[in-house]
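A.B. asks: Generate coordinates for the entire structure from the input sequences, incorporating the hints supplied.
Protein chains in written order, with the working numbering: chain A, -8 to 259; chain B, -8 to 259; chain C, -8 to 259.
It is possible that part of the hints are untrue.
In this list, chains with the same sequence are indistinguishable; a pair is considered to hold if it fits within one copy or across any two.
[Unchecked claim] Straight-line alpha carbon distances no greater than 25 Å define the calculated DSS-like cross-link-like pairs of lysine-lysine that follow:
| # | residue 1 | residue 2 |
| --- | --- | --- |
| 1 | 72 | 240 |
| 2 | 209 | 169 |
| 3 | 79 | 207 |
| 4 | 223 | 202 |
| 5 | -7 | 79 |
| 6 | 223 | 72 |
| 7 | 223 | 189 |
| 8 | 252 | 97 |
| 9 | 72 | 202 |
| 10 | 79 | 259 |
| 11 | 240 | 79 |
| 12 | 248 | 79 |
| 13 | 142 | 259 |
| 14 | 167 | 206 |
| 15 | 209 | 97 |
| 16 | 72 | 248 |
Since the hints were made in silico from the structure, they are not lab data.
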Amino acid sequence: MKRNGILGLLTDFGHESYQIGIMKAVIKNISSDIDIIDITHDIRPFDIEEGAFVLYKAALNFPGGSTFVTVIDWGVGTSRKAIVMRTKNDMMFVAPDNGVLTVIGKHFRVVEVREITNNEFLYSPVPSHTFHGRDIFAPVGAHLVLSTPIKAVGPLMDTYEVIRYEEGHFDSNIIKGKIIYVDHFGNIQTNISSNVVKDAGLVHNEVVKVKIGSKKFKMAFVETYGNVEEGKALLDIDSSGYLEISVNKGNAANVLKIQDKEEITISK
Amino acid sequence: MKRNGILGLLTDFGHESYQIGIMKAVIKNISSDIDIIDITHDIRPFDIEEGAFVLYKAALNFPGGSTFVTVIDWGVGTSRKAIVMRTKNDMMFVAPDNGVLTVIGKHFRVVEVREITNNEFLYSPVPSHTFHGRDIFAPVGAHLVLSTPIKAVGPLMDTYEVIRYEEGHFDSNIIKGKIIYVDHFGNIQTNISSNVVKDAGLVHNEVVKVKIGSKKFKMAFVETYGNVEEGKALLDIDSSGYLEISVNKGNAANVLKIQDKEEITISK
Amino acid sequence: MKRNGILGLLTDFGHESYQIGIMKAVIKNISSDIDIIDITHDIRPFDIEEGAFVLYKAALNFPGGSTFVTVIDWGVGTSRKAIVMRTKNDMMFVAPDNGVLTVIGKHFRVVEVREITNNEFLYSPVPSHTFHGRDIFAPVGAHLVLSTPIKAVGPLMDTYEVIRYEEGHFDSNIIKGKIIYVDHFGNIQTNISSNVVKDAGLVHNEVVKVKIGSKKFKMAFVETYGNVEEGKALLDIDSSGYLEISVNKGNAANVLKIQDKEEITISK
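C.D. replies: Right under this line is the structure:
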């Protein structure tokens, strides 16, 4: 399958960072035809888990043939490798080998992973010690979009780095999961997929017990926000297929006083 | 008139939201030739009034033939309709039918409004309950940019939702209006148009009485910031034709301790 | 040399500002083929020094033939001129004549500077008093990208405005410089170039004395963040060739309690 011209960018640089502009200039200088799409640049600094999860939730909704460049890279300049992963749906992911492709690798079928060793695609023959986004990831991503064969980047790898990442699961009549992050609206994003909710037998409009950290709540599992009164908390499946906790026309994290990265359990 | 290839996006998702990237991937997958322009993604969550006003101030400066997708959508998944509005200047506005097109409808001449019922343009035949930006608004907007006739989206509507919105006016020797929002520089943006200022007979460099909430000030109505001393407050007409309160090289909202959404009156 | 199709934008409007979208609509209406790249829109309001420095650090990494539009413009509507600067590497910079091109002018060789007086390229024949980004800078930048000859914009100028700007230097065994800004990661960005560090004879892994304002520290000058323990401060040369103070996997500004715009000295 041919590349589709789309290059998705995800970093923890901060949206205000001029380094994003530099990466785009490097890409556009390789080919003006590439459609660069910002996924987000506001992953919390160094939060590989959040980055890995958001990358997956975004990529799920990108068309096959898309290419991605991910730069969350606290190990820049050390011995960590730079890699490209190709998946069954013909997506390609260029990233540091630090676990940021863990969720992609878990859900999409991995066809091959290669180490980037060929310096012919790099911004300069010898990359800097502080900005591989410009020097390696952006230009390699751009060349892949232009249908450079993946094998040109370097040799196959037997394995790649993964972070400790366990999705929510249903066990002994309890759904157990974790809050990965809180979004702009205060919606609390969990790692509990709709399949787990189905396994647990939750039905719409059923009221369940929810425990987050040491706090306990009761709320309904509904189809959409408007199914509960304004200001009331609810559980629903978000647009990427994961359970979220929301408040209709409100900010769930504020209303429920929830921090992210807490454990969550749900039971009838 | 043909569409001009431009698709303006305005949401309350927050600039850091990966859902914006998903909408762009949906659009670019329909056609790589569409020029997507972010207007803003930082309308306050659910603030239909601010969104409606900013959409108008932006669209005023876009060329005829432009298409817009607006997603401020607390009613997603409920019975609220999805609509397209076409205006006399041949702009098209795709949005939830929740009042966010109120200011556009008031100022541009509305040619027709249609309900989106044809699912052939949607992201998937059955839209989700939580993300119509991806499922309905982005793909319909993209197809309209490609000159799909507006009548293909669905049937004509007799009316559309409007919010309570009254522009500033001149009455009994007083200009009465409202603060809609405070911008990045702390400039205080009112709903008082330059025509109202003209009706009131204000002339440049005239000092007037300004009352905001319960606070009273005197300041000059000037042509531009530099016409008063640094640190001094002033009134001027902004680049979209509305009265704003600014401080030369300063932050008016901080200096004057003003909240938005307050009433404002101006008199000689 | 021909223009390369790239138009870099740098402003202090704030990323949430719809005025950025208006500038892009003006540009795309002139030509859909222009590749607009956001450098940043979050320069602190009116901070000409930060803007001048970031513009240079970004432009350093853009390809020759690029065009830039910079709008940090507290003097809009006053008598300050609008200018275009062309540099030896065939870059062009459109900006208000208020010093924001000081660092570009210092480091790139200036070929010519012209005042924009020809109103044929403007958004409207008579520009507004509050938004020259839309009225002058964006459309002139777009026309230059389309290879309109620079001489068409207006007459040559003998000089242009500069701000007081002195780069870090090595003198009497001490490196003296200044903190220009703190970035998203808390990295402290100085105006001390790698050449000055070389003149001072600093070698990798050498521990030096650093004084910032009245605070004193000892830290190693290293090649990259990972060369010190997590949580430890370090000095390194950033990807644009300037000395920065960082903390490995941490936020240097928070850890060291540093404000920007402070003086810094480094000695053995």
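A.B. asks: Look at each hint and say if it fits the structure.
C.D. replies: Do the hints match the structure? See the list:
{"no.": "1", "hint": "72 - 240", "in the structure": "between (45 Å within a copy, 18 Å between copies)"}
{"no.": "2", "hint": "209 - 169", "in the structure": "within (17 Å within a copy, 41 Å between copies)"}
{"no.": "3", "hint": "79 - 207", "in the structure": "neither (41 Å within a copy, 55 Å between copies)"}
{"no.": "4", "hint": "223 - 202", "in the structure": "within (16 Å within a copy, 38 Å between copies)"}
{"no.": "5", "hint": "-7 - 79", "in the structure": "within (13 Å within a copy, 40 Å between copies)"}
{"no.": "6", "hint": "223 - 72", "in the structure": "between (47 Å within a copy, 23 Å between copies)"}
{"no.": "7", "hint": "223 - 189", "in the structure": "within (23 Å within a copy, 47 Å between copies)"}
{"no.": "8", "hint": "252 - 97", "in the structure": "within (20 Å within a copy, 46 Å between copies)"}
{"no.": "9", "hint": "72 - 202", "in the structure": "neither (40 Å within a copy, 36 Å between copies)"}
{"no.": "10", "hint": "79 - 259", "in the structure": "neither (38 Å within a copy, 56 Å between copies)"}
{"no.": "11", "hint": "240 - 79", "in the structure": "neither (39 Å within a copy, 34 Å between copies)"}
{"no.": "12", "hint": "248 - 79", "in the structure": "neither (41 Å within a copy, 48 Å between copies)"}
{"no.": "13", "hint": "142 - 259", "in the structure": "neither (51 Å within a copy, 48 Å between copies)"}
{"no.": "14", "hint": "167 - 206", "in the structure": "within (15 Å within a copy, 48 Å between copies)"}
{"no.": "15", "hint": "209 - 97", "in the structure": "neither (32 Å within a copy, 44 Å between copies)"}
{"no.": "16", "hint": "72 - 248", "in the structure": "neither (40 Å within a copy, 33 Å between copies)"}
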